[in-house]
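2 protein chains.
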Amino acid sequence: MSPRLAHQLAFIHEVDKLKYVLRKTCLFNSNRRENDAEHSWHLCLMVLVLQEYSPEPIDTLKVLKMLLIHDLVEIDAGDTFLYDPARQGQAHADAEEAAAQRIFGLLPHDQRDEFYALWLEFETADNANTRFARAIDRMEPLFQNLTNGGGTWKEHEVPLSKVFERVKGIAVGTPELWDYFLEELPRALASGQIEAGAEPQS
Amino acid sequence: MSPRLAHQLAFIHEVDKLKYVLRKTCLFNSNRRENDAEHSWHLCLMVLVLQEYSPEPIDTLKVLKMLLIHDLVEIDAGDTFLYDPARQGQAHADAEEAAAQRIFGLLPHDQRDEFYALWLEFETADNANTRFARAIDRMEPLFQNLTNGGGTWKEHEVPLSKVFERVKGIAVGTPELWDYFLEELPRALASGQIEAGAEPQS
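Protein chains in written order, with the numbering used here: chain A, 1 to 202; chain B, 1001 to 1202.
FYI, nobody ran anything at the bench for these hints, they're computed from the structure. Computed from a prediction, not measured in an experiment: that's the story for all the values here. A couple of the hints might just be wrong.
What the hints assert, rightly or not - Some chain A residues flagged as far from chain B (calculated, every beta-carbon gap over 12 Å): (1) S2; (2) K24; (3) L27; (4) G89; (5) A93; (6) A98; (7) E123; (8) E165.
Unchecked claim - Computed cross-link-like contacts, EDC-like style, restricted to lysine to aspartate or glutamate with a CA-CA straight-line distance of at most 16 Å: (9) K1017(B) to E140(A); (10) K62(A) to D113(A); (11) K162(A) to E195(A); (12) K62(A) to D1059(B); (13) K62(A) to E140(A); (14) K1062(B) to D59(A); (15) K1154(B) to D1084(B); (16) K24(A) to D79(A); (17) K1062(B) to D1113(B); (18) K1168(B) to D1179(B); (19) K17(A) to E1140(B); (20) K1168(B) to E1140(B).
Virtual Cβ for every residue (Gly too), placed ideally from N, Cα, C.
Sequences are here, hints too, so could you generate the full structure?
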């Protein structure tokens, strides 16, 4: 076996651990928590079906690559719950950076550099591909909570004002799909799946 | 919400059920069975890392699309264990065809037709994309069994002769990676992870 293949297979073995990283949200109509590998697969399928709702053309292959690898850092750094302030500080960013170095570092250098660049672009860049990819990533837990009587909104007492603040990237990445949530979220409020909270800051 | 979006969201909800379809094989170094959604994700990542081992250029986006949807029919038709003869007859093929009609039929017609064609191509066509995609699909359980003391080979008493017969598509889709298994499988035999069985038919 060539050293190159040995590195590639080590990476393929290592990423299996993503299947053990549990998210806070549960599957649709379910109390079974989703893992990051299933989540990543579902996002890719959402891209295939919903890409027409990007206001600008996207590079589908690049968006799929980003979503396939975007959560790998959580193997070391743990799941990032959208509404947990402890997951938004510098310490957590440093842990994710170290995880990216270690996990992508298992690959041959050319692939390490490509994957690291894709991950960093997903995390930090502002372009049509990243806007759409991040919108899709934000959308899945909304769908899930809407089928689970409020799901993590209820469980972690997240009010609607906070949800609006944290998922506003959907409006940027895909305004047409955001309109769907602007219809659905008030229904969730009316039916008691979520509390209102403070008025959203405009 | 437009009728088109309603169809698309119905599909996105429905495919969540793939996360409940358990395969016979377990995760790497594990006794936890893998589900079809995790499996599909892992295959996509393997394509990104291993595509250079296709003897002909592949259309990466098309191969990813095929692998993202290739197991959706198992939501209705159940997991297809590679070594179960009952899963290889006409009745099972009919069940998968009916599942494809129902599940892809949730989508708007243009997307239904595209996904159905991709699924059928993966299942039946012989070209560089399908050969590589099917090789990747065959490869993951070999990796898993090799880390699990024989895994499903031991559990279901599958001899090496049968494995060689059922995974020969790897040799066709990616001869260079098949060479890796030609080194590893005899080691599994020598260490008692698998029995020899009858001499393979040439």
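Consistency of the hints with the structure:
Look at S2(A): its CB is around 9 Å from the nearest CB on chain B, not clear of 12 Å, so calling it non-interface is violated. With 12 Å as the threshold on Cβ separation, the claim that K24(A) sits away from chain B holds: the shortest Cβ distance comes to roughly 16 Å. Not every Cβ of chain B is farther than 12 Å from the Cβ of L27(A); the closest lies at roughly 6 Å, contradicting the non-interface assignment. Annotated as non-interface, G89(A) keeps its C-beta farther than 12 Å from every C-beta of chain B; the closest such distance is 29 Å.
With 12 Å as the threshold on Cβ separation, the claim that A93(A) sits away from chain B holds: the shortest Cβ distance comes to roughly 24 Å. No Cβ of chain B approaches the Cβ of A98(A) within 12 Å, the least distance being about 21 Å, so the stated non-interface status holds. No beta-carbon of chain B is positioned within 12 Å of the beta-carbon of E123(A); the least distance is around 18 Å. With a least CB separation of 24 Å from chain B, E165(A) remains clear of the 12 Å interface cut-off, as annotated.
Annotation: proposed proximity of K1017(B) to E140(A) holds, straight-line Cα distance about 14 Å (limit 16 Å). Taking the CA atoms of K62(A) and D113(A), the gap is near 15 Å; set against the 16 Å cutoff, the hint holds. Between the alpha carbons of K162(A) and E195(A) the distance comes to roughly 10 Å, so the proposed pair stays at or under 16 Å and holds. Of the pairs offered as hints, the one joining K62(A) and D1059(B) holds, with about 13 Å between alpha carbons and a cut-off of 16 Å not exceeded.
About 19 Å separates the Cα atoms of K62(A) and E140(A), which puts this hinted pair outside 16 Å; it is violated. Only pairs whose Cα atoms come within 16 Å are accepted, and K1062(B) paired with D59(A) is accepted, the gap being roughly 13 Å. Proposed proximity of K1154(B) and D1084(B) is supported: the alpha carbons are some 14 Å apart, at most 16 Å. Distance hint between K24(A) and D79(A) is fulfilled; the C-alpha atoms sit about 8 Å from each other, no more than 16 Å.
This hinted pair checks out: K1062(B) and D1113(B) have alpha carbons roughly 15 Å apart, not beyond 16 Å. Note on K1168(B) and D1179(B): the hinted pairing holds, with a Cα-Cα distance of about 12 Å set against a maximum of 16 Å. Only pairs whose Cα atoms come within 16 Å are accepted, and K17(A) paired with E1140(B) is accepted, the gap being roughly 14 Å. Proposed proximity of K1168(B) and E1140(B) is supported: the alpha carbons are some 14 Å apart, at most 16 Å.
Hint check: violations occur at hints 1, 3 and 13; the rest are consistent with the structure.
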